[in-house]
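Undergrad: Sequences are here, hints too, so could you generate the full structure?
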Amino acid sequence: MAAGPSKHLLAELATRPGHNTQVDKLIRWSCISAALLFLAILLIAPLMTVLSSAFSKGLGVYLETFKDGDTLAAIRLTLLTAAIVVPLNTIFGVAAAWAIAKFEFAGKSMLITFIDLPIAVSPVVSGLVYVMLFGTQGWFGLWLLDHNINILFAVPGIVLATMFVTFPYVARELIPLMQQLGNDEEEAAITMGAGGFMTFFRVTLPKIRWGLIYGVILTNSRAMGEFGAVSVVSGHIRGLTNTMPLHIEILYNEYNFVGAFAVASLLTVLALITLIIKTLVEWRGYRRR
Amino acid sequence: MSRERSVLPGFGLTVGYTTFFLSAVVLLPLTAMIIKASNIDHAAFFKLLLNPEVVASYKISFGTSFLAAIINSIFGFLIAWTLTRYDFAGRKFLDALIDLPFALPTAVSGIALTAVFAQDTWLGSHLAAMGIKVVYTWVGITVALTLIGMPFVVRAVQPALAEVQRDIEDAAETLGAGRFTIFRRIIFPTILPSLLTGFAMAFARGIGEYGSVVFISGNLPMKTEITPLLIVKRLEEYKYVDAAALGCIMLGMSFVMLLSINLLQAWSRRRLFVGKRR
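Quick mapping for you: the protein sequence lines, in order, are chains S and X.
For the first sequence, the residue numbers in our numbering are 1 to 289.
For the second sequence, the residue numbers in our numbering are 1 to 278.
One thing to keep in mind: the hints can contain errors.
Unchecked claim - Quick list of the computed label-pair ranges, beta carbon to beta carbon:
| hint | chain 1 | residue 1 | chain 2 | residue 2 | range |
| --- | --- | --- | --- | --- | --- |
| 1 | S | 25 | X | 185 | 22 to 28 Å |
| 2 | X | 259 | S | 181 | 24 to 30 Å |
| 3 | X | 38 | S | 143 | 18 to 24 Å |
| 4 | S | 180 | X | 129 | 51 to 57 Å |
| 5 | S | 25 | X | 256 | 42 to 48 Å |
Hints were generated in silico from the structure; no laboratory data involved.
The beta-carbon is built from N, C-alpha and C at its ideal position, and this holds for glycine as well.
TA: Below, the structure written as structure tokens:
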């Protein structure tokens, strides 16, 4: 988030000759109203619609959605997926950032490109690649069938697809941050006899904590909300392989709009909490690089 | 792999772990898809990719993504300008809200936009009266992609606008430049690389987007089917090779976009930091 104009700069500008004229005021007013109108239609209206549709038949009907076993199963599966994916990708992100920021080695820029790749790939393709690996026509398909192991259209497939789409978030946040912070303090700690893990936890981690939190909440937000990739590998089995976003689709296609928007309202609250934490981290002085 | 001497530990561990995890989660599945697609010969491959339904989906995906990225370049610049140059009540709140499309699950954006623009709502009925049908048309797809791409442009342009040096603007003004000249000769050239970066990011995201589009598009064959949807459709028909071939095309486009974005970012970094005391 970039800082806005400083108050004293604006005050100073207003006193200059040729400034703060009728034309300036008109331009200022038009810019602000056009920006507000655009954001009102694109952001505020959908937010309000989620809430008003969820509660359109009253609190009772809203709460009814969450007594349904399939809805609860979807919520549980989403929480389970995030609980597996977020820690694994966090560990990966920290390891990748340490490797890339602290050492020079051949193939480093290629490694960075490959880590970034899942962000650029369509979510549908992210799911598709696992079908090619674990589907009955895929590489391991027949072997898995023989051994009675379900990956596709089961929880492991959902976890893997989610892992793929959220793969780069922590690493992308930490790599530029750690590169900028440099190695001096870590080298000093090692030279004075601290072990590798002690150096990481006592020297590096305190320096990168806000960046790490930032990466983790982005990972979590995407993991809980992913639709396309998970949709391809899930098989849409009610109560078994439906995450919250997939459950929204099912309820919506059954014309159960209150139910769909009720589940959507939970994810909306999650998105707002994510934004609040993100903003707080930025107010702490953390700047994305 | 060679490396420079360093006292820091963990080289083998972290590089090894990173490479292993990356290969297992990302590279192996991608390879599986590419090999699956290469099972058919060239003629069949091109026939598959040039089939009318597929070509129609490229037109829709590219057309709507391009249009949405253009809209976002205009309004994204305007929003970034408003947030960095003016102070008004609610500015910080609005600034925080810009990232909402990143944080909001795409399925939620999809059903919410469909509800906002449906013909029985205030907005939808007024647009319908003007002859603009949004839901289940390419207009709806464009609206969804505009929502999804908006933060990319705003967040790319904002830091660049903040870097425009006021003293250069002041100097231009004392030399007699008017508002428009200052904008055209100083502000616009400074932010252009960032604006293009934002445009490319929004465009790339639009081409791959699925969740927010499928609800508002109605998925009518030849009319509102985007390419990612076609992959899902082929999978549901058990045409795995077709799906893999389409997946490879989309992967190739992602690579091209990623490369262009990296080049644009390098350009904007050079443009911004030239002659700065840093």
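Undergrad: So, for every hint listed, does it hold in this structure?
TA: Hint-by-hint comparison with the structure:
| no. | hint | in the structure |
| --- | --- | --- |
| 1 | 25(S) x 185(X): 22 to 28 Å | holds, 24 Å |
| 2 | 259(X) x 181(S): 24 to 30 Å | holds, 28 Å |
| 3 | 38(X) x 143(S): 18 to 24 Å | holds, 21 Å |
| 4 | 180(S) x 129(X): 51 to 57 Å | holds, 54 Å |
| 5 | 25(S) x 256(X): 42 to 48 Å | holds, 45 Å |
In this structure, every one of the numbered hints holds.
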